[in-house]
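Asker: Using the sequences and the hints, build the whole thing.
4 protein chains.
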Amino acid sequence: MHVITQKDVENVIQKRIETGHKGTFGRVSVIGGNANMGGAAIMAVQAAVKAGAGLTTCISHKANLTALHARVPEAMFIDYFDNDALCKSVFQSNVVVVGPGLGTDETAKQVFSSVLKNANQTLIIDGSAITMLAEDDQLKKLTPSAKIIFTPHEIEWQRLSGLSQAEQTPAKNAAKALELNADVVLKKHGTEIYHLSGKCSKLTIGGPYMSTGGMGDTLTGICAAFLAQFKGDQDQILDAAVYTHSDIADLLAKERYVVLPSEIADNLQKYMKHRCNGQIL
Amino acid sequence: MHVITQKDVENVIQKRIETGHKGTFGRVSVIGGNANMGGAAIMAVQAAVKAGAGLTTCISHKANLTALHARVPEAMFIDYFDNDALCKSVFQSNVVVVGPGLGTDETAKQVFSSVLKNANQTLIIDGSAITMLAEDDQLKKLTPSAKIIFTPHEIEWQRLSGLSQAEQTPAKNAAKALELNADVVLKKHGTEIYHLSGKCSKLTIGGPYMSTGGMGDTLTGICAAFLAQFKGDQDQILDAAVYTHSDIADLLAKERYVVLPSEIADNLQKYMKHRCNGQIL
Amino acid sequence: MHVITQKDVENVIQKRIETGHKGTFGRVSVIGGNANMGGAAIMAVQAAVKAGAGLTTCISHKANLTALHARVPEAMFIDYFDNDALCKSVFQSNVVVVGPGLGTDETAKQVFSSVLKNANQTLIIDGSAITMLAEDDQLKKLTPSAKIIFTPHEIEWQRLSGLSQAEQTPAKNAAKALELNADVVLKKHGTEIYHLSGKCSKLTIGGPYMSTGGMGDTLTGICAAFLAQFKGDQDQILDAAVYTHSDIADLLAKERYVVLPSEIADNLQKYMKHRCNGQIL
Amino acid sequence: MHVITQKDVENVIQKRIETGHKGTFGRVSVIGGNANMGGAAIMAVQAAVKAGAGLTTCISHKANLTALHARVPEAMFIDYFDNDALCKSVFQSNVVVVGPGLGTDETAKQVFSSVLKNANQTLIIDGSAITMLAEDDQLKKLTPSAKIIFTPHEIEWQRLSGLSQAEQTPAKNAAKALELNADVVLKKHGTEIYHLSGKCSKLTIGGPYMSTGGMGDTLTGICAAFLAQFKGDQDQILDAAVYTHSDIADLLAKERYVVLPSEIADNLQKYMKHRCNGQIL
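Residue numbers (the numbering used here), protein chains in the order written: chain G, 3 to 283; chain D, 3 to 283; chain F, 3 to 283; chain P, 3 to 283.
Errors might be hidden in some of the hints.
Each pair may be met inside one copy or between any two copies, as identical chains are not told apart.
[Stated by the list, open to error] Quick list of in silico lysine-lysine cross-link-like pairs, DSSO-like style, CA-CA up to 27 Å: (1) Lys149 - Lys24; (2) Lys9 - Lys256; (3) Lys190 - Lys17; (4) Lys233 - Lys256; (5) Lys178 - Lys24; (6) Lys190 - Lys24; (7) Lys111 - Lys90; (8) Lys24 - Lys174; (9) Lys174 - Lys142; (10) Lys149 - Lys190; (11) Lys204 - Lys24.
Hints in this document: simulated from the structure, not taken from any laboratory.
Answerer: The following block contains the structure:
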């Protein structure tokens, strides 16, 4: 199993081409945030914007419009009940994230269903969207044309894979990822990434100061921005995004008992600048 | 009477276990914030999140949703008129705070009543909830199964205990706490904590730069997060939370004429890191 | 004419009494902010809170609730159409500010009328409230029992006093303040304060980096907090508030081409701490 | 072609006259921000306020009121459906910006039409307003009395000028600007400014860390504030605004992989102070 290192990040974060414009660095859509859990979608969007996505759209319950713009005026907004706009934005996005704070009710299912039908490049499926997919046969039948990345924690992985936590061995996880035709970022103490290519990567950094609500939402935003803007080895890009998330947390934890997800987002720009130059922050 | 010291804090704030996840560090629900005093609930939630609670939910008037997410996207939200969701969240929480900005009208009473019926672990009763309980016989009859902590200032304690301020001697306060079957944090110049165990603790730090609206709301959030995440001597954990609140205020007051409650919250992570290592900030 | 100096500020900002609680440091109500100009009321409230008022309430159009709590969770809110709550809050306040962003329409007049009838301690009349009073005979008949302070700029002073800008000499201004039975803070290059006591004070600090929308709103908040919390010579307290506002601006202008009103508010706590100790910031 | 330098900025940013008040430094109205793209208008307003406009009004969908005031309480707000208030504000403004986040639907067209009819000093036409003007014959017939500045990127310029990107040579661009009777800021790698005077200016600073949503919105706010407050050579003032935007970005990019538009706004005051004194930041 490949242990992800700072070198992976330095390989991925390259100097931007001089003539690049917004479109060059990718379009990201984040679909999530019902009337109770809007913060999750906002944190994912904030991370995507600060990690360098060219254009980022938040597709959410309209109750979340104002908090989004108060925090991230750089992002655009679509009411997730506006299905036409949702489908168009998902269709045009280089990377789509679905799940942060989406919930599992009927609305969530319809929204998720539209996403599955329209995503056609890269689709990151997180949180409650994983749970819905694990439990709903209608949703399972929708096989998107997009490359799929799941980002479950161990309980969500159990629901999706059918593997109990005891059964979640590297071999079984890798086989299941293959069966699901997806990359799987299995979030836990020592996060593992099962790539569809067969490559398995492991994180040996991070810590329990990251165990707070919203941490996974921020991770999805970083993954989305990295995949949207960087060219090259897709496995390494995903590995680098996961490493970046925890490496910033480790740096912040030197001065903090707990690290908040939005603080990780706030430090992305400086971290990426330093890693781009091959320096230590 | 035990004088709380930095040593109490250092005993309580231990290094987190490496394999801990969000659930390990506790669920907190804060119930408060009517259409006029939403800031109070938001400040309590902010303090709970930054003091390290694993998952924090704000249960409030829906007018407060957006300001909450603009300040603390890490928290979840429940409209306090959604009684089913309220009861479920309260029931599942390790620590519940009720009162900050809740008011004393009919809605407040119904909300408080639901909380009293469903809280089953630790319940911190603050502000207007204390006043309601002191004045409403229906509410008094609801004896929750949860361990109760009251956080009154002297006037609220007078209402609840029937003791005039002149009568509020340590002996009488301790007896009344026993009679109420609760811990009592009596907030004043030289805050005293009457534990149900019989232990009485006293704060000799803090100052009048803390005399501003919202200071008590922030205290409840810190108490909740400490009780939700730390193991061991419950009396010492509560003492440590109260000390932390004032110790941060003292540190900030070196550079400020008044200290704002939200500034105390903003400094929790660094303070706790330093106290965890046994260092002075 | 008395030139206000740092010494005035140092005389006014005294160490807080150790046993002081929220009530000790005064209640402030700010009435302003229609559906278009809510920021004005929010800036006044923010300044009052950070200048040390014990309890601050914003009475405004309900459209401004969320932005208020997103910026200043420490403040309470009352919808200005809730006349009962408005009257009660105004009646109970040590200092009331009316005018910032209130406008001059029928709603504004009704709100202002309620304020004039209920304020009974100190009432600061600012901005559009000055214009309304100058132009409306009904409002003029309402003679509040509160001590009145007007904070007009030169055009507003012309409307209120009937003195053209050319006629606004110290002697005529002082006579007019006496006739109006009020203190007048005449805001301009070299602000002058005409006290009802006969004392006239002059500001020789400040500068054109302060010429931006909202600067006067912030001034009202500082005046309110100073008058609400400090004891002693009322003229000197008002002078000190006016000086504090411009002195912070001067300090910030060393590093800024323009100074924003909310930045002045953000620096009040540190400024007041230093002036309290007789130090230079 | 004139290469814009720091010297242009230093010539433009002069010390403010001592007796200047809010009105001296100009009124700016920003019209933009539909229910999906409010952040764009907010970022333009934020930049105008921080770049020193005396009074700034945001005219937008009412969904954007709260996020505006949460970020920029200094600005006033008008619902863009309130046509009377819109027309009055536009008429009274020294500089009007139309376009950021406005969209191209029927509402956008009506709003834009009102702006074209009422702007009478300087009108900056940006983003979707350029697209509407390029495509709608009704709008083309409205010839405003204001001096016009277009701020297209290359695709928008293609729509407006009819020149394909390959055809966009300096000579053809200059001729087209003359034909359009407007200054044109053609935003691209090496932004060019075609002044109606015949002067052509070029930017040789800036970089791909600026390629993120909202960057152009922030530029319009800076241009508006510069034109509203500074006297003298109008071409040089516009050049200086464009240079300022990219120069701040370059400074921030030393520590950031991407630079966010709102960060540029946050650094305007300090940058302008230093350039005013002829110093390097």
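Asker: So, against the hints stated earlier in the document, which numbers end up violated here?
Answerer: As far as the earlier hints go, not one is violated by this structure.
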